[in-house]
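*Asks:* Protein chains in written order, with this note's numbering: chain A, 11 to 250; chain B, 38 to 273.
Among the clues, some could well be false.
[Claimed, not checked] Chain B is nowhere near these chain A residues, computed Cβ spacing over 12 Å in every case: (1) N69; (2) G98; (3) S100; (4) G104; (5) K146.
[What the hints assert, rightly or not] Here are the simulated lysine-lysine pairs, DSSO-like style, with alpha carbons at most 27 Å apart: (6) B:K150 to A:K37; (7) B:K257 to A:K48; (8) B:K111 to A:K209; (9) A:K37 to B:K183; (10) B:K183 to B:K111; (11) B:K184 to B:K111; (12) B:K248 to A:K209; (13) A:K209 to B:K136; (14) B:K150 to A:K209; (15) B:K262 to A:K209.
Everything labelled a hint here was simulated from the structure, so no lab data went into it.
Every value quoted in this text rests on a predicted model; they were computed, and no experiment measured them.
A virtual CB, placed ideally from N, CA and C, is assigned to each residue, including glycine.
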Amino acid sequence: MSILRCDVQDALEPYMSRRTVELHWGKHHQDYVDGLNKQLATSPLYGHTLEELIKEAYNNGNPLPEYNNAAQVWNHHFFWESMQPEGGGSPEGGVLQQIEKDFGSFTNFREEFIRSASQLLGSGWVWLVLKRTEKKLAVLHTRNAISPLAFGDIVCLLDPFLKMFNIFSINFAMTSHVLFLQPIISLDLWEHAYYLDYKDDRRSYVTNFIDHLVSWHTVTLRMMRAESFVNLGEPTIPVA
Amino acid sequence: MALRTLASKKTLSLALGGGARPLAAAAAARGVATTVSLPDLPYDFGALEPAISGEIMRLHHQKHHATYVANYNKALEQLDAAVSKGDASAVVQLQGAIKFNGGGHVNHSIFWKNLKPISEGGGEPPHGKLGWAIDEHFGSFEALVKKMNAEGAALQGSGWVWLALDKEAKKLSVETTPNQDPLVTKGASLVPLLGIDVWEHAYYLQYKNVKPDYLNNIWKVMNWKYAGEVYENVLA
Numbered sequence: 011m012s013i014l015r016c017d018v019q020d021a022l023e024p025y026m027s028r029r030t031v032e033l034h035w036g037k038h039h040q041d042y043v044d045g046l047n048k049q050l051a052t053s054p055l056y057g058h059t060l061e062e063l064i065k066e067a068y069n070n071g072n073p074l075p076e077y078n079n080a081a082q083v084w085n086h087h088f089f090w091e092s093m094q095p096e097g098g099g100s101p102e103g104g105v106l107q108q109i110e111k112d113f114g115s116f117t118n119f120r121e122e123f124i125r126s127a128s129q130l131l132g133s134g135w136v137w138l139v140l141k142r143t144e145k146k147l148a149v150l151h152t153r154n155a156i157s158p159l160a161f162g163d164i165v166c167l168l169d170p171f172l173k174m175f176n177i178f179s180i181n182f183a184m185t186s187h188v189l190f191l192q193p194i195i196s197l198d199l200w201e202h203a204y205y206l207d208y209k210d211d212r213r214s215y216v217t218n219f220i221d222h223l224v225s226w227h228t229v230t231l232r233m234m235r236a237e238s239f240v241n242l243g244e245p246t247i248p249v250a
Numbered sequence: 038m039a040l041r042t043l044a045s046k047k048t049l050s051l052a053l054g055g056g057a058r059p060l061a062a063a064a065a066a067r068g069v070a071t072t073v074s075l076p077d078l079p080y081d082f083g084a085l086e087p088a089i090s091g092e093i094m095r096l097h098h099q100k101h102h103a104t105y106v107a108n109y110n111k112a113l114e115q116l117d118a119a120v121s122k123g124d125a126s127a128v129v130q131l132q133g134a135i136k137f138n139g140g141g142h143v144n145h146s147i148f149w150k151n152l153k154p155i156s157e158g159g160g161e162p163p164h165g166k167l168g169w170a171i172d173e174h175f176g177s178f179e180a181l182v183k184k185m186n187a188e189g190a191a192l193q194g195s196g197w198v199w200l201a202l203d204k205e206a207k208k209l210s211v212e213t214t215p216n217q218d219p220l221v222t223k224g225a226s227l228v229p230l231l232g233i234d235v236w237e238h239a240y241y242l243q244y245k246n247v248k249p250d251y252l253n254n255i256w257k258v259m260n261w262k263y264a265g266e267v268y269e270n271v272l273a
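In isolation and in its complexed conformation, chain B is listed as follows (with noise of 0.2 Å):
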């Protein structure tokens, strides 16, 4: 059965001759990155009630999160030129532009993941291999809910708070980081589990300068399967 399912990868590759992802292709000939573009929320804006009202995830979703995949393709865009121009400080004055909007873009992708509806599941508790890891590093699921809480409510200006995984290290911690840095400025070797947003335009309209309360609600719709998943893939 393994060797069948190979051997028809082989011959599909074969057929397509590299043709099947022509626009990849292309620009990974030419030395620079595909452009993204804004994921769709698996829920309707609304589904996320009360915990995250309706118009918050609108707004989030298509003015947040778009911006920051328009204005980190534009970076992209303006990268290319500077890279085959060879101007050095060009490509360089871009980083901060490529980090925080290109971090806009993959945090918020993970963060839409990481909720889901309560009837469609949000909120239960993780089980398995990810619920007995919290329970080892963290003493219990409730004491991981508090000390990402308490991280979140301290962060001053605007941020995400993590749980994450070392993968070389096998181990979960919380962190914090500043504005749209992703995860992976913390250490190479961590990976998202699940990530809140706690930049002011996550809950502001909605529970005003009440921070706790924001990061109290959302632990109801928040998806622990897919934290799961991520977990036991990596740990493979």
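If we strip away everything but chain A, and leave its shape as in the complex, we get (with noise of 0.2 Å):
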């Protein structure tokens, strides 16, 4: 079930309101995706899948014009999925032992991501994710719209996504190269996204995430697929 249809807004209530989501989906991420396709149409980037566009748009840093909307869009995406009704606690299984591995202890990762979102400084995201080199999961944060998908190479995910958003332009081909970096969870910590809810109280909003909406489900399956690449290296695709 996906929380972007309609009738299921206030799935993530109390934590974040159906308002909050109405505008932050209905608004803030259709807007990106709006904005995008009209950008796409005549674009010389066209044709691109959605994860190249967004490493190629980034351009090492000097960011062309297509750039924002291509990765907000992903960003967001990204974002819906690492949460669910019901979330939070703590994980179980391979996951919970890789954190306790890279962390010390559940806390101390629960603990870390908060610090990381009290010292991100204006508008980002708070991201976990599983380093490819030093096979080692990390917190970090990135502004605006910075994701760790402009800092390497670019795994594809063949989302369905695309699809409902008529992002007509977007070429549904898997590629296969790896993430330095294989991010594992997103935060959007644009004041937009907790204001209406928590007002200038970020760091409550943080724990709510952490602790009620974060989707351990979204997360063993994102955490399988880096491990796999990471211990099994780039899987050869064949052509259809």
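Please assemble the complex out of the two chains, which come individually in their own frames, going by the hints.
*Replies:* Here you go:
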């Protein structure tokens, strides 16, 4: 069940209100999609997958006009899928083991995630990532629309959301590069993500996210894929 | 008359012997910046309605600006300790917090003065020297407003849009700064005449995602008198 359907916008209450989801998904996220589609109608970057587009448009730190919309489309989709109703609590099994291995304990991870959020000055995102070369989980934050996708090669998620938003110009082919940083969780720390529900109390928003919203199911899937890439290497996927 | 004023000033400082501002003097002797405090708003929280809601003004002043003040003071204290210990890497590490919170304090202190209730003249377009300078540099007052609104709307993330006066070149310009970077980070000779806070906290509760509506409405409470005074003082 996807959070993205209209009739379930109150599914994350009371930690994220229906009104916030309505605006955040229905306006902010939708505006990025519409903006990107409009740009791609006349852009030379037409024809890339979304992830390739993000990397191309990031342009090694001198972002092209398409970057912001593309990255924010991706970031927000990743964010919605990082959450679920009745989420939070603590993970189990392999995910918990990986967290305990890399942070010492789940409590340490939780504290580091909250601390990273408090250290982000201005708009941005907090991420849990799996670092490819170190084979370790890490928490980091990025500013504005920056995502870990910009920092290396890209892995593609073949997502039906692209069809839903009618991104006509995106090529659905599966690319198989590997990320230096595989994103596992994202948390939107732009003020629009929490201001209606929490006003200036960013800390409560972050703790509620980690305690009640984060989807360990999604994390498990993402972790499995990320660990496969890290441990088994890049797959060669034959053209169908 | 002028001589008498000079003489009395001299006597005053002699009499007070530097004890007039003991806190500042002592701190200056230690080589450390004094702490700052939250300035009062020159109007009630609700005085800028309907352009900016009282709820936003209250949160913006009592929470956001107050937090910048508190964190800036804390950073200054830590800076003092790091400097005394000669801990260079600690000094450097504090720069982010100082820039962000100090900038937040500087910027918001200007912002409160940039706004004025309609009943007290808010929104009245600039006259005199600043008015002429605006026509000269931007073509018209409307053109300036349009430009500032466009730059404010286009700003990604958090930041400010400024009407700036370059005191060396004696020219006006529209600038933007990210996060809480003060205008001087764009140019040492730039003086802020007007600043518009385009952080989401400045408008979200009232305007939600429609930033352009906030930008259109804020001109109704813009304090051009203050901007004009700064302009004339700097160029005097």
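*Asks:* B:K183 and B:K111: Cα distance at most 27 Å?
*Replies:* Distance of about 39 Å is beyond 27 Å: violated.
*Asks:* Given the hint that A:K209 pairs with B:K136, does the C-alpha gap stay at or below 27 Å?
*Replies:* 23 Å, holds
*Asks:* Can you confirm whether the C-alpha distance between B:K184 and B:K111 stays at or below 27 Å?
*Replies:* 38 Å, violated
*Asks:* For A:K146, is the shortest beta carbon distance to chain B beyond 12 Å?
*Replies:* Non-interface label on A:K146 holds, nearest chain B Cβ at 24 Å vs cutoff 12 Å.
*Asks:* Minimum C-beta separation from A:G98 to chain B exceeding 12 Å: can you confirm that?
*Replies:* 25 Å, holds
*Asks:* Taking 27 Å as the top limit, are the C-alpha atoms of A:K37 and B:K183 close enough?
*Replies:* Judged against 27 Å, a Cα distance of about 24 Å means the pair holds.
*Asks:* Are all C-beta atoms of chain B more than 12 Å from that of A:S100?
*Replies:* Check passes; 31 Å lies beyond 12 Å.
*Asks:* Does A:N69 sit more than 12 Å from chain B, CB to CB?
*Replies:* 15 Å, holds
*Asks:* Are the Cα positions of B:K150 and A:K37 separated by 27 Å at most?
*Replies:* Cα-Cα ~33 Å, so violated.
*Asks:* Please work out if B:K248 and A:K209 have their alpha carbons no farther apart than 27 Å.
*Replies:* 17 Å, holds
*Asks:* Given the hint that B:K257 pairs with A:K48, does the C-alpha gap stay at or below 27 Å?
*Replies:* Judged against 27 Å, a Cα distance of about 33 Å means the pair is violated.
*Asks:* Given the hint that B:K262 pairs with A:K209, does the C-alpha gap stay at or below 27 Å?
*Replies:* 32 Å, violated
In summary, the structure is inconsistent with hints 6, 7, 10, 11 and 15 from the numbered list given earlier, while agreeing with the others.
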